[in-house]
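Model the placement of chain B on the given structure of chain A, informed by the hints.
2 protein chains.
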Amino acid sequence: MNRPQHIERMVEAIKRFPGIGPKMAERISYHLVKISQNEVDRFINSIISARAAMRYCSKCFNLSESDPCPICSDDLRDKTILCIVETPQDLIAVSKAKEYNGLYFVLGGALSPLDAVGPGDIRTDLLIKRLREDSISEAILATDTDSKGETTALYLAEIIKPLKIKVTRLGYGLPAGGDIEYADEITISRAISGRKEM
Amino acid sequence: MNRPQHIERMVEAIKRFPGIGPKMAERISYHLVKISQNEVDRFINSIISARAAMRYCSKCFNLSESDPCPICSDDLRDKTILCIVETPQDLIAVSKAKEYNGLYFVLGGALSPLDAVGPGDIRTDLLIKRLREDSISEAILATDTDSKGETTALYLAEIIKPLKIKVTRLGYGLPAGGDIEYADEITISRAISGRKEM
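If you're matching them up, the sequences are chains A and B in order. Remember, our numbering sits 17 above the position in the first sequence when you count from 1. Remember, our numbering sits 17 above the position in the second sequence when you count from 1.
By construction, these hints were calculated from the structure, which means they are not laboratory data. Among these hints, one or two may not hold up.
Taking lysine to any residue pairs in the SDA-like style, the calculated list, with each CA pair at most 25 angstroms apart, reads [stated by the list, open to error]:
| hint | chain 1 | residue 1 | chain 2 | residue 2 |
| --- | --- | --- | --- | --- |
| 1 | A | K32 | B | A30 |
| 2 | A | K51 | B | L131 |
| 3 | B | K40 | A | E202 |
| 4 | A | K40 | A | S53 |
| 5 | B | K40 | A | E56 |
| 6 | A | K32 | B | Y199 |
| 7 | A | K76 | B | R44 |
| 8 | A | K51 | B | Y199 |
| 9 | B | K51 | A | V134 |
| 10 | A | K40 | B | K32 |
| 11 | B | K40 | A | A114 |
| 12 | B | K40 | A | R68 |
| 13 | B | K40 | A | A70 |
| 14 | A | K183 | A | S112 |
| 15 | B | K32 | A | G38 |
| 16 | A | K40 | B | S129 |
| 17 | B | K40 | A | G195 |
| 18 | A | K51 | B | G36 |
| 19 | B | K165 | B | A133 |
| 20 | B | K51 | A | G137 |
| 21 | A | K51 | B | K165 |
| 22 | B | K165 | B | T185 |
Note that the coordinates shown come from a computational prediction; the quantities given were computed from them, not determined experimentally.
Only chain A is shown next, with the shape it has when bound in the complex (with noise of 0.2 angstroms):
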């Protein structure tokens, strides 16, 4: 017997999910036939709110309730500094270590050349022109350390060196081949306190 129709629509669904595999997929799908209506109903629920109340923000395009996001609202922050990372999990992950007090920057992803993602697929341009419009003096370059990560970290610092701002990337502390967002609160610390030029 293969699975059921209605148990195959979902588990197409399911397998575009970061990180679902076709077996997690299939368990996921069952769990939502069998948990109970008011259950499944508060899970609809928050995806269709989130998305109604979720938007990016205009200054930093994290994705935040309000515009502008919370961070890029706070006068207390040092507006000189931007901190450059891949996604919103990245930015909270970053601001979560307490090292940091400037602002953000999320690219919305990173260059990948096999998945042909071009500069033109992130937010590059939208990053040089907020680098030329306020006065920041340093870039931390905050893309993961796998290749992915390295390759629009390298390609940054191409681009930002020429607008004469200082740029910096992450160093001390993070394991080679990871992920920023799994990184520990520590391990971020000590890449801010350890960051080096480029």
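Quick look at chain B alone, frame taken from chain A:
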């Protein structure tokens, strides 16, 4: 900065999915905010229509689009052998192996004293009723080979034997500590041929 409240609410719901930890739940939450309206609609509709269409078969308690399910209503199957599994996913895994042509019974879980799951929490009474009323000559215990599944098999063997029904357990080829739904078809085929009496 902490996670926005709306993301928090999704993470809470998604963390309850089987096999999903908090970090994965966060990733999926952001994914569900970022994907197109079309894609999220397709996902939500697949849940709603699956929940409306799927029911438990009143004979074997498989999750199916019809009652009785296609297996229970298949006249070509050997109605004297009953294969007892923990979940609908396990049933599909066993049926794909094609070595087995009898009927099934889905327990809906496994005994787990540590989680306070006792015989009253899975379908043991309905299983005994089924074995008594139908003329079953052999019960194949196809519960997982982890400690819960083994405990369940031992318990079931104990309560089925007094009914003068031959009790066998999937044997050959199953790795220890494993989960039946992840086994490949050849391993399951061998386990069915090599089953041994308990």
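Hints versus structure:
{"no.": "1", "hint": "A:K32 to B:A30", "result": "holds (18 angstroms)"}
{"no.": "2", "hint": "A:K51 to B:L131", "result": "holds (22 angstroms)"}
{"no.": "3", "hint": "B:K40 to A:E202", "result": "holds (14 angstroms)"}
{"no.": "4", "hint": "A:K40 to A:S53", "result": "holds (22 angstroms)"}
{"no.": "5", "hint": "B:K40 to A:E56", "result": "holds (21 angstroms)"}
{"no.": "6", "hint": "A:K32 to B:Y199", "result": "holds (16 angstroms)"}
{"no.": "7", "hint": "A:K76 to B:R44", "result": "holds (23 angstroms)"}
{"no.": "8", "hint": "A:K51 to B:Y199", "result": "holds (20 angstroms)"}
{"no.": "9", "hint": "B:K51 to A:V134", "result": "holds (17 angstroms)"}
{"no.": "10", "hint": "A:K40 to B:K32", "result": "holds (17 angstroms)"}
{"no.": "11", "hint": "B:K40 to A:A114", "result": "holds (16 angstroms)"}
{"no.": "12", "hint": "B:K40 to A:R68", "result": "holds (20 angstroms)"}
{"no.": "13", "hint": "B:K40 to A:A70", "result": "holds (22 angstroms)"}
{"no.": "14", "hint": "A:K183 to A:S112", "result": "holds (21 angstroms)"}
{"no.": "15", "hint": "B:K32 to A:G38", "result": "holds (17 angstroms)"}
{"no.": "16", "hint": "A:K40 to B:S129", "result": "holds (23 angstroms)"}
{"no.": "17", "hint": "B:K40 to A:G195", "result": "holds (14 angstroms)"}
{"no.": "18", "hint": "A:K51 to B:G36", "result": "holds (16 angstroms)"}
{"no.": "19", "hint": "B:K165 to B:A133", "result": "holds (12 angstroms)"}
{"no.": "20", "hint": "B:K51 to A:G137", "result": "holds (18 angstroms)"}
{"no.": "21", "hint": "A:K51 to B:K165", "result": "holds (20 angstroms)"}
{"no.": "22", "hint": "B:K165 to B:T185", "result": "holds (17 angstroms)"}
Of the numbered hints given earlier, the model fails none.
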